[in-house]
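Asker: As given, the protein sequences belong to chains A and B, one line each in that order.
Numbering of the first sequence is given in our numbering, commencing with residue 6 and proceeding in unit increments.
Numbering of the second sequence is given in our numbering, commencing with residue 6 and proceeding in unit increments.
Just so you know, these hints were derived from the structure itself, not from any lab.
Model, not experiment: these values are computed from the prediction.
Among the hints, erroneous ones may be present.
When chains are identical, the list treats them as one kind, so a pair holds in a single copy or across two.
Once the Cα atoms are required to be at most 20 Å apart in a straight line, the calculated SDA-like pairs of lysine to any residue come out as [what the hints assert, rightly or not]: (1) Lys569 / Asn213; (2) Lys396 / Ala599; (3) Lys619 / Ala599; (4) Lys571 / Glu288; (5) Lys307 / Lys593; (6) Lys254 / Ser380; (7) Lys505 / Phe315; (8) Lys563 / Asn650; (9) Lys238 / Val197; (10) Lys234 / Val197; (11) Lys176 / Ser200; (12) Lys176 / Asp227; (13) Lys304 / Gly314; (14) Lys619 / Leu600; (15) Lys176 / Val197; (16) Lys304 / Val96; (17) Lys619 / Asp587; (18) Lys7 / Ala267; (19) Lys281 / Gln535; (20) Lys208 / Gln535; (21) Lys298 / Glu589; (22) Lys619 / Gln586; (23) Lys143 / Lys218.
These are the residues of each chain, in order.
Protein chains: 2
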Amino acid sequence: MKKSIDTIKMLGVEAINKANSGHPGIVLGAAPMAYTLFTRHLVVNPQVDKWTNRDWFVLAAGHGSVLLYSLLHLSGFDLNIDDLRNFRQVVSITPGHPESHLTPGVDVTTGPLGQGIATAVGLALAETQLAAKYNTKKYPIYNHYTYVICGDGDLQEGVTQEAISLAGHWKLNKLIVLFDSNDVQLDNMVNVAQSENIGNRFKAANWNYLFVKDGNDVEEIDQAIIKAKKSDKPTLIEVKTIIGYGATKQGTPAVHGAPLGADIDTIRKMLKWNYKPFEVPNEVYDDFDVNVKQRGINKHDKWLKMYQGFCKENPALGKELDDAVYGNFNFNPQDLRDLKPIKAQATRISSGAILDRLSNMIPSLIGGSADLSGSTKAKGADGVYSVENRKGRNLAYGVREFAMAAINNGICLHRGLTPFASGFFVFADYMKPAIRLSSLMEIPVIYVLSHDSIAVGGDGPTHQPIEQLAMLRSQPNLNVFRPADFNETLGAYHTALQTKHTPSVILITRQDLPELEHSNVEMVKKGAYQVYGEDNNNDVVLLATGSEVSMAIAVAQKLEHDKKIKVKVVSMPCWELLEQQDAEYKTKLLEPNALIASIELGTTFGWERYTSNKGLNFGINTFGQSGPFQDVLEYFGFNVENIVNAIVNFKYQIIKS
Amino acid sequence: MKKSIDTIKMLGVEAINKANSGHPGIVLGAAPMAYTLFTRHLVVNPQVDKWTNRDWFVLAAGHGSVLLYSLLHLSGFDLNIDDLRNFRQVVSITPGHPESHLTPGVDVTTGPLGQGIATAVGLALAETQLAAKYNTKKYPIYNHYTYVICGDGDLQEGVTQEAISLAGHWKLNKLIVLFDSNDVQLDNMVNVAQSENIGNRFKAANWNYLFVKDGNDVEEIDQAIIKAKKSDKPTLIEVKTIIGYGATKQGTPAVHGAPLGADIDTIRKMLKWNYKPFEVPNEVYDDFDVNVKQRGINKHDKWLKMYQGFCKENPALGKELDDAVYGNFNFNPQDLRDLKPIKAQATRISSGAILDRLSNMIPSLIGGSADLSGSTKAKGADGVYSVENRKGRNLAYGVREFAMAAINNGICLHRGLTPFASGFFVFADYMKPAIRLSSLMEIPVIYVLSHDSIAVGGDGPTHQPIEQLAMLRSQPNLNVFRPADFNETLGAYHTALQTKHTPSVILITRQDLPELEHSNVEMVKKGAYQVYGEDNNNDVVLLATGSEVSMAIAVAQKLEHDKKIKVKVVSMPCWELLEQQDAEYKTKLLEPNALIASIELGTTFGWERYTSNKGLNFGINTFGQSGPFQDVLEYFGFNVENIVNAIVNFKYQIIKS
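In isolation and in its complexed conformation, chain A is listed as follows:
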């Protein structure tokens, strides 16, 4: 046992030394608790690392990545000793912070503090819902724990605070958080920035709180985990540890994030460690083989038999679950055409109707909002999720936007559920760090964000998005949809649900929009397509999205009628998908020789990609105004006449020059 723990430590600090980069403090301090968890509790099968009913493990303190990599290697995951040697090297599977889409056995991408715990709350929630939906007395196919190791920094983050409030409220008793309580942060001792009573704080949020006084004592840690598993509440186990235990600078911030260098010999001496760097004693492999790998394989074998029994006895449910886990949503958008409104309707209303119907068609669809369902119209089915109603698919997040997004990441990672999160578009700001992780983890969560422009009206500039469009469009691996009417809204949902490795944002309006004559559900997949005018040889091409597409058509009609200018209008519901089209499609659509102008009720930042830098981008680059939305638009002079005049003037300037 000692030798196994020592191996974890030595692999970690050797890898850090070799990379000359990394965080030895947590490796030396938290190795005993990680060892205890892996060898005595965590149920995983290293050969089938995506087994959905495994115990999930989140290293919230992601800077301790090499601790996790060492454990994964010893446990028999597909991560060999050379991968450890390549710690923090380009294209290795052992990057500086764990990345779930990259490395077998890494369940969640962590590093941005606080989000690990919130994401674990999502994993634990998913387990309760899937258990409620699919477990039978004979076949309890969902029955796993979610474990977390976190540090002080995680607990200081607001997103964690939001998430623990929900975890306590939801009584997610199979969530067990081991808190590596070492009293040290990067800049100072923890007590310089904090004097909160952690135990009382968690108890106030309806958590079970346990204390382990010696973080080197495997038995004490083990007993605490055993106790936690019996709790009817989520549990925080505060484990007192010494950061960088054994190093000369143990117990100080100096050992947090700098390689040990020559001081590694101090550790070697203390541990009486006589092996070569990256050498693992056979008895240590044996320990992990028996206590993690074989134990896990046995459990998985039993589970597989149970699962097969379940599928045999409940073929319909088995199929349903399979579709949910693999994300097979082959619905036909035609089946929702009857929802098409006969008169002008806000896309938030269209979105709500579509979501309601989809909730009927797709049993795995789950979601809700940060206390704004009444406004966004995005609401899950089957009642509010709660202790009493584990099958409820409407998630009442309260005003906790960031936790909502991070929890949804966890739900999505778990597989078996298809989460959406909704709120006002301007509050995408609050969710941004979690949206980034959705993209980085390559998971297809859906964000439904309404009130998508200054047309919000009376709520004023604090509630009117401007720059959020550029904020999201500039993020890698994110599809940002801004549909123009019902058809495009349906197209956005259809595309989002068919997308496997990219999250989607669907931006919808508060105000009514007319149904366009030539809007097209299927063409949303192309990212942009023609909705008005002739195919080619146009004088002007107008690019618009969402609520401004109908305006662009009005502009086009006026230009044609009053000025005999030939105009095409392109609806561009998703830039990112347009970028994926071939050059021929783009050139034909965008007509590089025409005068190209964009019309969008938000920042013009970024539009020059399509319009060049001639300045013909109609948008709003300042904060908004509080007022009835028509007045707000008039205040900014954002109307058909002004746009027509600007284009005409510009065209004549060009002709003159």
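Chain A is fixed; fit chain B onto it per the hints.
Answerer: Below, chain B alone, put in the same frame as chain A:
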């Protein structure tokens, strides 16, 4: 008293009805507590609303704006009855959510939930530091309270949770939060999304917790505030209220955010209110005149005498304080030239040296980081701020990025202190909602964000900013500086400290950068300027920022030497300031007839504004890689040779076509 409270209510619901938009629930529920606070405690002078030693009031629940506007009107602030009639109308001073830069008597812009309390923590902190620095036994010139009215939603937000942890730690006992506890949220009753014990939660964070069982009982509220003022801790007063008290749908979510319409008559009847809409009984004006206005004027008069006495007896301190309050930082950058390094140095090191020197020169400079000072090198002077060291100008925020930014907003709003906040650039994501409020409130806070590109290296994609450049540049009223070396870093600080109504972000590197031959402290103010090549008739103009300027010069030299192509290099430390230059400056600098290319180690999103849409933007549009930074750059092929080749190929294409 009853009539005064009824007036507040009626003005509020009438204004909401007239606007046909707004939130009557809080007006009817919280009017008694707001009345009690204003008439019995809050010390303000409506004639000198920017008096820095007034009691500050933050309506964290900003959707209750009309409650605040009614109180300000009755108290004699420059907000007349027509302003109330214009509630939620374009260019009114009574927008949907309170805006501090717009409306006399509005201390903080609120609406985005959670930030109000965090900002109030900053106000309360500022009071303690200014008191410690300037108060004498004879002249206690800083001695005010900071009051907040918040709702359930505020308390659910993570940023509030972060902020209360700090407020308790810092024992900000003159911070008093009235919690409008009405058990109702927009979507549901509060208990659907929350079951936390609020009292215990605040006690765990070292707060004083008081409970008022009847929110209509002015005496009970009054007694609680009296008690709170005597506490040695910050106080939360939970006041039980009935949302929409008196309306047919009182006590339900339906009354939260929709105008009462005809139901206003139910209120009129209950209150026996026989006045016309917007009519205020004279005795109510009298009540406020005596109990708010005259009381405040008297207190202000006394204070003014005290302040004059203070300035007379302590002229140096008086001058120092005056400079601090009015932001007079007329330092000469020449005085910092000795800090210029003789060899390559990371701009985070330059920034740290500059900040340290500035801390000596500017006594009001205060700041710190979210537990990353060791990495960002941004640290305030005079030790860590604490109960024992109220003069400490180093703020140890712990890992609480969002609260840091929101608290700094409060410190800045207070005036008298000049706050900076630091962290890793990628975690600007966590601060984004507060950065937006800095811009909207038009306050000159400074953000010092290091590790500003994938050159972070080993920490990998979770810690490597990509899209953050576009996120911030697209935000209105924000100057984003990315200095290329020491000179430009100094120029950025100099410009930021001379800017009165715009926040600044200064982006600095982890890796060493060479000092440029032609970098210029003063030219940073222009936003962009030439650092290499001939003034005009260039074949190619290279635009670059920060760490890529020296690379651009290397590219230019190679193009000239190998290909005889004439190249100019423009360093663009601040796009926003370039946009403010006249057309002549821009045209001369950017040479529209040349081939223009951008080089920047982040998203290319937005660069087409300067380079047109021909695709010659060298940057990184995917997530990064973990590895030594040179390897990461090579992985992306981001090197001089590849850029040279791409430009040459592109140029020949053009020549051929």
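Asker: All hints, please: hold or fail.
Answerer: Status of the hints after comparison with the structure:
no. : hint            : result
1   : Lys569 / Asn213 : neither (74 Å within a copy, 73 Å between copies)
2   : Lys396 / Ala599 : neither (55 Å within a copy, 63 Å between copies)
3   : Lys619 / Ala599 : both (13 Å within a copy, 15 Å between copies)
4   : Lys571 / Glu288 : neither (79 Å within a copy, 67 Å between copies)
5   : Lys307 / Lys593 : neither (58 Å within a copy, 75 Å between copies)
6   : Lys254 / Ser380 : between (54 Å within a copy, 18 Å between copies)
7   : Lys505 / Phe315 : neither (27 Å within a copy, 68 Å between copies)
8   : Lys563 / Asn650 : within (10 Å within a copy, 46 Å between copies)
9   : Lys238 / Val197 : between (31 Å within a copy, 17 Å between copies)
10  : Lys234 / Val197 : neither (33 Å within a copy, 26 Å between copies)
11  : Lys176 / Ser200 : between (27 Å within a copy, 10 Å between copies)
12  : Lys176 / Asp227 : neither (22 Å within a copy, 38 Å between copies)
13  : Lys304 / Gly314 : within (15 Å within a copy, 80 Å between copies)
14  : Lys619 / Leu600 : both (10 Å within a copy, 15 Å between copies)
15  : Lys176 / Val197 : between (32 Å within a copy, 13 Å between copies)
16  : Lys304 / Val96  : neither (33 Å within a copy, 67 Å between copies)
17  : Lys619 / Asp587 : between (25 Å within a copy, 16 Å between copies)
18  : Lys7 / Ala267   : neither (23 Å within a copy, 76 Å between copies)
19  : Lys281 / Gln535 : neither (66 Å within a copy, 55 Å between copies)
20  : Lys208 / Gln535 : neither (58 Å within a copy, 61 Å between copies)
21  : Lys298 / Glu589 : neither (53 Å within a copy, 71 Å between copies)
22  : Lys619 / Gln586 : between (25 Å within a copy, 17 Å between copies)
23  : Lys143 / Lys218 : neither (40 Å within a copy, 51 Å between copies)
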